[in-house]
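A.B. asks: Since the structure of chain A is already known, use the hints to place chain B on it.
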Amino acid sequence: MPEVREVSAARTVGSVILHVFVVAVAIAFLFPFFWMLSNAVRSNGEVLAVPPRLLPTEWQWYNFIDALSLLPFGRFFLNSVFVSAAITLITLIVSSLAGYAFSRVRFPGRDGLFLVYLATLMVPQAVIVIPLFLMMSRIGWVNTYQGLVLPVAFGSFGTFLMRQFFLTIPKELEEAALIDGCSRLRAFWSIFLPLSTPALGLLALFTFTGQWNSFLWPLIAVNSTDYSTIPLGLTAFQGQNGTQWNYIMAGAAISMVPGLALTLLLQKYIFKGIAISSGFGGR
Amino acid sequence: MTLNPSIAGAVPRPRGIRRWRDSLSAIGFLAPGLIGLLLFLVLPLIASLVLSFTNWKIMGKTSFIGLDNFSHALTVDPVFWQVLGNTVLFTVEYLVLNIIISVGLAVAITNLKWGKQFFRLVFFLPTFTPLVGSSVVWLLIFTPGGFLDWVMSALHIPLPNLITDTAWAMQCVVIVSLWAGFGYNLLLFGAALESIPQQYLDAAVIDGATAWQRFWRIKLPLISPSLFFGIVLTAITSLQVFDQVYALTRGGPGAATQTLGYKIYRDGFITYSFGYASSIAWLLFIVIMVLTAVQLRLQRKWVHYDA
Numbered sequence: 000m001p002e003v004r005e006v007s008a009a010r011t012v013g014s015v016i017l018h019v020f021v022v023a024v025a026i027a028f029l030f031p032f033f034w035m036l037s038n039a040v041r042s043n044g045e046v047l048a049v050p051p052r053l054l055p056t057e058w059q060w061y062n063f064i065d066a067l068s069l070l071p072f073g074r075f076f077l078n079s080v081f082v083s084a085a086i087t088l089i090t091l092i093v094s095s096l097a098g099y100a101f102s103r104v105r106f107p108g109r110d111g112l113f114l115v116y117l118a119t120l121m122v123p124q125a126v127i128v129i130p131l132f133l134m135m136s137r138i139g140w141v142n143t144y145q146g147l148v149l150p151v152a153f154g155s156f157g158t159f160l161m162r163q164f165f166l167t168i169p170k171e172l173e174e175a176a177l178i179d180g181c182s183r184l185r186a187f188w189s190i191f192l193p194l195s196t197p198a199l200g201l202l203a204l205f206t207f208t209g210q211w212n213s214f215l216w217p218l219i220a221v222n223s224t225d226y227s228t229i230p231l232g233l234t235a236f237q238g239q240n241g242t243q244w245n246y247i248m249a250g251a252a253i254s255m256v257p258g259l260a261l262t263l264l265l266q267k268y269i270f271k272g273i274a275i276s277s278g279f280g281g282r
Numbered sequence: 000m001t002l003n004p005s006i007a008g009a010v011p012r013p014r015g016i017r018r019w020r021d022s023l024s025a026i027g028f029l030a031p032g033l034i035g036l037l038l039f040l041v042l043p044l045i046a047s048l049v050l051s052f053t054n055w056k057i058m059g060k061t062s063f064i065g066l067d068n069f070s071h072a073l074t075v076d077p078v079f080w081q082v083l084g085n086t087v088l089f090t091v092e093y094l095v096l097n098i099i100i101s102v103g104l105a106v107a108i109t110n111l112k113w114g115k116q117f118f119r120l121v122f123f124l125p126t127f128t129p130l131v132g133s134s135v136v137w138l139l140i141f142t143p144g145g146f147l148d149w150v151m152s153a154l155h156i157p158l159p160n161l162i163t164d165t166a167w168a169m170q171c172v173v174i175v176s177l178w179a180g181f182g183y184n185l186l187l188f189g190a191a192l193e194s195i196p197q198q199y200l201d202a203a204v205i206d207g208a209t210a211w212q213r214f215w216r217i218k219l220p221l222i223s224p225s226l227f228f229g230i231v232l233t234a235i236t237s238l239q240v241f242d243q244v245y246a247l248t249r250g251g252p253g254a255a256t257q258t259l260g261y262k263i264y265r266d267g268f269i270t271y272s273f274g275y276a277s278s279i280a281w282l283l284f285i286v287i288m289v290l291t292a293v294q295l296r297l298q299r300k301w302v303h304y305d306a
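Residue numbers (numbering that gives the first Met the number 0), protein chains in the order written: chain A, 0 to 282; chain B, 0 to 306.
By construction, these hints were calculated from the structure, which means they are not laboratory data.
Don't take each hint at face value.
[Unchecked claim] With a straight-line Cα cutoff of 25 angstroms, these simulated SDA-like cross-link-like pairs (lysine to any residue) come out:
| # | chain 1 | residue 1 | chain 2 | residue 2 |
| --- | --- | --- | --- | --- |
| 1 | A | LYS271 | B | ILE99 |
| 2 | B | LYS300 | B | TRP215 |
| 3 | B | LYS112 | B | PRO220 |
| 4 | A | LYS271 | B | GLN116 |
| 5 | A | LYS271 | B | LEU232 |
| 6 | A | LYS267 | B | LEU124 |
| 7 | A | LYS271 | A | VAL256 |
| 8 | B | LYS112 | A | LEU29 |
| 9 | A | LYS271 | A | PRO257 |
| 10 | B | LYS115 | A | PHE33 |
| 11 | B | LYS115 | A | PHE28 |
| 12 | A | LYS267 | B | VAL106 |
| 13 | B | LYS60 | A | VAL141 |
| 14 | B | LYS115 | A | PRO257 |
| 15 | A | LYS271 | B | LEU192 |
| 16 | A | LYS271 | A | PHE28 |
| 17 | A | LYS267 | B | LYS112 |
| 18 | B | LYS300 | A | ALA118 |
| 19 | B | LYS112 | B | ARG18 |
| 20 | B | LYS115 | A | VAL19 |
| 21 | B | LYS60 | A | SER136 |
| 22 | A | LYS271 | B | TYR304 |
| 23 | B | LYS115 | A | ASP110 |
| 24 | A | LYS271 | B | ILE98 |
| 25 | A | LYS170 | B | GLY27 |
| 26 | A | LYS170 | A | ASP110 |
| 27 | A | LYS267 | A | ALA84 |
| 28 | A | LYS170 | B | ARG18 |
Small disclaimer: the values here were computed from a predicted structure and weren't measured.
Chain A extracted, bound-state conformation (with noise of 0.2 angstroms):
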């Protein structure tokens, strides 16, 4: 039948073409990073060299290591990695409390107060920042972890990711065991907790490369480099006269390793959690 060979010859070349223009657009996409990387390891004379040369003329590996201590992005990277850890274990603890409470516990008023909680996802956080401020000023918590750390660990996103999980568990599965005398807090954490390890990593990882970007708050709360985030170090040092562009691009470059380590790392769990986030949206 030469009509269906036709077609299906039609078709074949028609996903060769899609093939190729997704495949162009990606590379067009990932030159940002090629750039970054081609520019982190070259001299800084070189950098800013016009016209631009794509690759170095010589390597210089030791960027790196020279951008980790000198400006120093190694403090700020460890900064990064303690206070992204902090708020995410507070989140996951306070999250999935309040999750369990908003989806298996029945209390007068339950309904209004979540829709409470969803409004706060609302509140831009520049409206917040200045009391928050004034508050750590007052209390002397500028410059510290704890200031960095406890006004961003309440959000209510959390809450909303691990209800919205803890709804698909069979309700059998509990009954069960509080008609045998177990407690809620038991309850709690010998059922829902072991069942719910896929949401509780994802929520980690949206919590951790959330804060592990976050600039706002830590821009306000910091003005020490003691105390500096990643993306505070990568902004402190540009727009100076005899601005070390290659040792800012490496810094942008070891900003991104955590980020692309845990995308590769948890491809399959982020696409599923983009799905199951989505279904807050008006249902």
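C.D. replies: Chain B only, in chain A's frame:
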């Protein structure tokens, strides 16, 4: 769902006690989060509303001045309307382009034979990297004598200094934001497209529907809940745009790229007019609330939840 304890062999308990105990344990489970939320969100939110009715600066006497901050912003401040315009322009341009690119690429990638997951991850990479990091890389690309300048002059298209050019600076902010931002929506819409039952599409093909018709009549309506979610979230975040502006242009040249988010930071933490900055922040909050309310209303007209 109510239990029947006698069936389970436990001692029957009056329902009232169970309800009472449930409320108590709910308080226990909610307390850590509620205390944090009250201290670090609700309290500052109220405080910023109170501040917005004062003339609090770092120096001088503070007093309540009623709605003066708001009327100053709306009638006297020489840049307020420009800043509001910039914010709206950014949001509309960014939102429209983001949705077109992410839906388009999501459809293209879903139709691929191989490498679906790989390409989705490629475009997702900037989502997990700091925006200021992406911005400094792009700054190097945009700079005069930099990569873009070099490519364009090879094509005999002279470029101004994009970052300091009144007309171009905002476009730079949009480009960087798009590059860094559409990957999330791409994944979101990709997940929705993958969940469309293949029979629907096969049936449409048998009935002679073109690819174009399948997109508008089947795919788009079926992913509309995700599309709605993506649009609302993208709108809320882009109205607050700050990081890219700070890292790329610091609001310049003049006030050409100042957005509401940047102006709040500037008025609050560079000139230390805490009262005035708070009133601008509340104006931003009001814009976000109104826009979200409008979107929630409009969704009934185009979002289909009964797939």
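A.B. asks: Next, verify each hint and record whether it holds.
C.D. replies: These are the hints, each one checked on the structure:
1. At roughly 23 angstroms between alpha-carbon atoms, A:LYS271 and B:ILE99 fall within 25 angstroms of each other, so this suggested pair holds.
2. About 16 angstroms separates the Cα atoms of B:LYS300 and B:TRP215, which keeps this hinted pair within 25 angstroms; it holds.
3. For the suggested pair B:LYS112 and B:PRO220, the alpha carbons sit about 24 angstroms apart, so the restraint of at most 25 angstroms is met.
4. Proximity of A:LYS271 to B:GLN116 is assessed by CA-CA distance (about 12 angstroms); at most 25 angstroms being required, the pair is judged to hold.
5. At roughly 18 angstroms between alpha-carbon atoms, A:LYS271 and B:LEU232 fall within 25 angstroms of each other, so this suggested pair holds.
6. In summary, the hint linking A:LYS267 to B:LEU124 is supported, as the alpha carbons are separated by about 14 angstroms, within the 25 angstroms threshold.
7. Taken as a hint, the A:LYS271 and A:VAL256 pair is honoured in the structure, with Cα atoms around 22 angstroms apart against an allowance of 25 angstroms.
8. With a CA separation close to 21 angstroms, the supplied pair B:LYS112 and A:LEU29 stays within the 25 angstroms bound.
9. Of the pairs offered as hints, the one joining A:LYS271 and A:PRO257 holds, with about 20 angstroms between alpha carbons and a cut-off of 25 angstroms not exceeded.
10. As the CA atoms of B:LYS115 and A:PHE33 are separated by approximately 22 angstroms, the hinted pair is consistent with the 25 angstroms bound.
11. The hinted pair formed by B:LYS115 and A:PHE28 meets the criterion: a straight-line CA distance of about 16 angstroms does not exceed 25 angstroms.
12. At most 25 angstroms may separate the alpha-carbon atoms for a hinted pair to count; A:LYS267 and B:VAL106 meet this at roughly 19 angstroms.
13. Annotation: proposed proximity of B:LYS60 to A:VAL141 holds, straight-line Cα distance about 24 angstroms (limit 25 angstroms).
14. Between B:LYS115 and A:PRO257 the alpha-carbon distance is near 23 angstroms, which keeps this suggested pair within the 25 angstroms criterion.
15. For the suggested pair A:LYS271 and B:LEU192, the alpha carbons sit about 13 angstroms apart, so the restraint of at most 25 angstroms is met.
16. Under the criterion of a C-alpha separation no larger than 25 angstroms, the hint pairing A:LYS271 with A:PHE28 is consistent with the structure, at around 24 angstroms.
17. Between A:LYS267 and B:LYS112 the CA atoms are separated by roughly 18 angstroms; this keeps the pair inside 25 angstroms, and the hint holds.
18. Distance restraint check for B:LYS300 and A:ALA118: the Cα-Cα separation of roughly 23 angstroms lies within the 25 angstroms cut-off, and the hinted pair is therefore satisfied.
19. A hinted pair counts as satisfied when its Cα atoms are at most 25 angstroms apart, and B:LYS112 with B:ARG18 does not qualify at roughly 55 angstroms.
20. As the CA atoms of B:LYS115 and A:VAL19 are separated by approximately 13 angstroms, the hinted pair is consistent with the 25 angstroms bound.
21. For the hint linking B:LYS60 to A:SER136, the alpha-carbon distance of about 19 angstroms falls within 25 angstroms, and the restraint holds.
22. For the hint linking A:LYS271 to B:TYR304, the alpha-carbon distance of about 20 angstroms falls within 25 angstroms, and the restraint holds.
23. The suggested pairing of B:LYS115 with A:ASP110 is violated, with an alpha-carbon distance near 40 angstroms, which exceeds 25 angstroms.
24. Restraint check for A:LYS271 and B:ILE98: the C-alpha separation of about 20 angstroms stays at or below 25 angstroms, so the hint holds.
25. For the hint pairing A:LYS170 with B:GLY27, the CA-to-CA distance comes to about 21 angstroms; that is within 25 angstroms, so the pair holds.
26. Between the alpha carbons of A:LYS170 and A:ASP110 the distance comes to roughly 19 angstroms, so the proposed pair stays at or under 25 angstroms and holds.
27. As the CA atoms of A:LYS267 and A:ALA84 are separated by approximately 22 angstroms, the hinted pair is consistent with the 25 angstroms bound.
28. Taking the CA atoms of A:LYS170 and B:ARG18, the gap is about 17 angstroms. The hint holds against a cut of 25 angstroms.
When the structure is compared with the earlier hints, violations turn up for hints 19 and 23 and for no others.
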